[in-house]
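There are 2 protein chains.
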Amino acid sequence: MENGIITIAHGGGGTRTQQLINDIIRKHLSNPILDQLDDSASLEVPETALAFTTDSYVVNPLFFPGGDIGILAVCGTVNDLVMQGAEPKYLSLGLILEEGFAVADLERIIQSTAAILKKTDVTLATGDTKVVERGKGNGVFINTSGIGIRNPAVNVHVSNARAGDVIIVTGTVGDHGIAVMSQREGLQFQTSLRSDVAPLDGLILPLVREIPSLHVLRDPTRGGVAAALCDIAGASQVGITIREKAVPVKKEVVGACNLLGFDPLHVANEGKAIVVCAQQDTDRVLALLHTHTFGKDAAVIGSVVSAHPGTVIEETAIGGERIVEMTTGEDLPRIC
Amino acid sequence: MENGIITIAHGGGGTRTQQLINDIIRKHLSNPILDQLDDSASLEVPETALAFTTDSYVVNPLFFPGGDIGILAVCGTVNDLVMQGAEPKYLSLGLILEEGFAVADLERIIQSTAAILKKTDVTLATGDTKVVERGKGNGVFINTSGIGIRNPAVNVHVSNARAGDVIIVTGTVGDHGIAVMSQREGLQFQTSLRSDVAPLDGLILPLVREIPSLHVLRDPTRGGVAAALCDIAGASQVGITIREKAVPVKKEVVGACNLLGFDPLHVANEGKAIVVCAQQDTDRVLALLHTHTFGKDAAVIGSVVSAHPGTVIEETAIGGERIVEMTTGEDLPRIC
Chain A
-16 MENGIITIAH GGGGTRTQQL INDIIRKHLS NPILDQLDDS ASLEVPETAL AFTTDSYVVN
44 PLFFPGGDIG ILAVCGTVND LVMQGAEPKY LSLGLILEEG FAVADLERII QSTAAILKKT
104 DVTLATGDTK VVERGKGNGV FINTSGIGIR NPAVNVHVSN ARAGDVIIVT GTVGDHGIAV
164 MSQREGLQFQ TSLRSDVAPL DGLILPLVRE IPSLHVLRDP TRGGVAAALC DIAGASQVGI
224 TIREKAVPVK KEVVGACNLL GFDPLHVANE GKAIVVCAQQ DTDRVLALLH THTFGKDAAV
284 IGSVVSAHPG TVIEETAIGG ERIVEMTTGE DLPRIC
Chain B
-16 MENGIITIAH GGGGTRTQQL INDIIRKHLS NPILDQLDDS ASLEVPETAL AFTTDSYVVN
44 PLFFPGGDIG ILAVCGTVND LVMQGAEPKY LSLGLILEEG FAVADLERII QSTAAILKKT
104 DVTLATGDTK VVERGKGNGV FINTSGIGIR NPAVNVHVSN ARAGDVIIVT GTVGDHGIAV
164 MSQREGLQFQ TSLRSDVAPL DGLILPLVRE IPSLHVLRDP TRGGVAAALC DIAGASQVGI
224 TIREKAVPVK KEVVGACNLL GFDPLHVANE GKAIVVCAQQ DTDRVLALLH THTFGKDAAV
284 IGSVVSAHPG TVIEETAIGG ERIVEMTTGE DLPRIC
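Taken in sequence, the protein lines are chains A and B.
Okay, so the first sequence: first residue is -16 according to the numbering used here, each after it adds one.
Okay, so the second sequence: first residue is -16 according to the numbering used here, each after it adds one.
Be aware that a few hints might be false.
Chain A stretches covered by chain B per the calculated footprint, using a threshold of three residues with CB under 8 Å from any CB of chain B [as the list claims (entries may be wrong)]:
hint: 1; segment: -12 to 1
hint: 2; segment: 26 to 37
hint: 3; segment: 274 to 280
hint: 4; segment: 302 to 316
To give an idea of the chain A side of the interface with chain B (calculated C-beta under 7 Å), a few residues [as the list claims (entries may be wrong)]:
hint: 5; residue: 23
hint: 6; residue: 70
hint: 7; residue: 119
hint: 8; residue: 122
hint: 9; residue: 166
hint: 10; residue: 169
hint: 11; residue: 170
hint: 12; residue: 210
hint: 13; residue: 245
Hints are computed from structural coordinates only; laboratory data are not their basis.
Even for Gly, the Cβ is constructed at its ideal location relative to N, Cα and C.
Start from the sequences and build out the full structure, keeping to the hints where you can.
This is how it looks when you write it as structure tokens:
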């Protein structure tokens, strides 16, 4: 690659594009389906009940403590499938590169994309690479779309929460958003806080196989736990009450939130799930979650109530009550 | 929408994001599957043999004679599925918006996306919207991924061309690239040249049902007919010979290519296919193509030979010969 940077020609569909795809992308991501190199990939799926999802990733900075945009793009889309109880099978990878981006940085991202794919059972099936002029992008944007196989026994849906249900979060809240923000703001924390970005198939798929009667699964990404709970309360037309003291938050995240003026409930997570289940399933759900590294801090944070439908209320640590609302969206941009 | 422009908050995953999705996107694109509004869409596919494709669209300008980025994003991905003989079923739509982009322009794009979707049998199943800061994008980038149902009787592949086969192009060459370039360069042509952007399901799917023995289907997008033919010659390890006089090119495209210094064979098409078939199928293929508006100018442009494997040779209008090569990619950036 001349001068080690991405040029407009790399996106032109000619020999330079082929060179980029072969030397950087296929070098790390090659597999028999991707190697078909046709306009579209031929797949065989084992079932006809599928889940389909898409997400674009525009995180800034591209590299952050605990991950990078490539890891995020795989995990985010895998997790969107998993949150439907679906088994992720195939992924697409669409790259929008900015002229002048360092090829070495691209290769680093492709390498970590390849490494995280190996930790899942997902096959990269098809891809696309475009290049935009300097000042029209941000190094790299990534879109991943994913196809998963639904489990017909599972009927999780954002509208399925019922009064009496229990709200569980699978681990500490706000790690991803604060890790990204700390990098962006040049903050140094005493201990090195890392993003929680992780594929949740290993944590959640055994759970839904064992307890298919779960009511809701939701990953609290953009908008954080607050947005996820507001979505559930709204779609299910139920009230939700959580206890501030019960929400697991790392002390570094509490500290950074105090410093930056954020509520941890609004901060994005990329390796956590909210599980809503019937009261009688609580112990089994927690026990199963606790067996997995990504679920060791799982905790009940509240419950579903018939009062105040559509509204999420938090009992604060000092004994008060406050309404938990979605942010308008200004506060934590470009977190995923 | 305050001030009629996209703000960072529209991408924050909070109330502003919801407002944008409801007021602009769902307003035009709503359907029962998209309205599930879950992290991923639940689909039922009729078969387990699928095609899967992804493409990001970064065309500049966003609006061009004959289309816009939304129409392009639907047609491009539909056509990538169709080029495998697959029936397009489900599409995803990932938007990366730039802060400051006019909401009215976004709505215009969403409206034309909706209109072109109605001309196909494709269902928009899932979507995602992100916002990047001013100067980090280009108004809007779109990724569409698509799932299609393969036809088990069809075995088209870029590596299936055989000596003796005939090369057909379904219509005039270079219309899309020149329409976009003319807009960008502020050129005025005597007649108004328009992009050929179109979904090819209606043209190609009846053809593969009728004549499933076709050898290769390829849409000559980025890199034009030259790149498509070089791909076929390389992957099939055959020679290809085309006759310059036989290639249908509109006179406005010839004129613009002369002016701008382009070879029409290198210019992108978004509503054309290259069909490679056995000699004995030629008449039936042409007859079927000619019944459809998008195939009325279909013509044999050359043949597959055993000589010069991997190389495409053009017999020029003045009786000479030249090797047709891929561009390096510098010449026609941001055409799709």
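Against the structure, the hints come out as follows:
no.: 1; hint: -12 to 1; verdict: holds (count 12)
no.: 2; hint: 26 to 37; verdict: holds (count 12)
no.: 3; hint: 274 to 280; verdict: violated (count 0)
no.: 4; hint: 302 to 316; verdict: holds (count 8)
no.: 5; hint: 23; verdict: holds (3 Å)
no.: 6; hint: 70; verdict: violated (12 Å)
no.: 7; hint: 119; verdict: holds (5 Å)
no.: 8; hint: 122; verdict: violated (9 Å)
no.: 9; hint: 166; verdict: violated (16 Å)
no.: 10; hint: 169; verdict: violated (18 Å)
no.: 11; hint: 170; verdict: violated (20 Å)
no.: 12; hint: 210; verdict: holds (6 Å)
no.: 13; hint: 245; verdict: violated (12 Å)
When held up to the earlier numbered hints, the structure conflicts with 3, 6, 8, 9, 10, 11 and 13 and fits the remainder.
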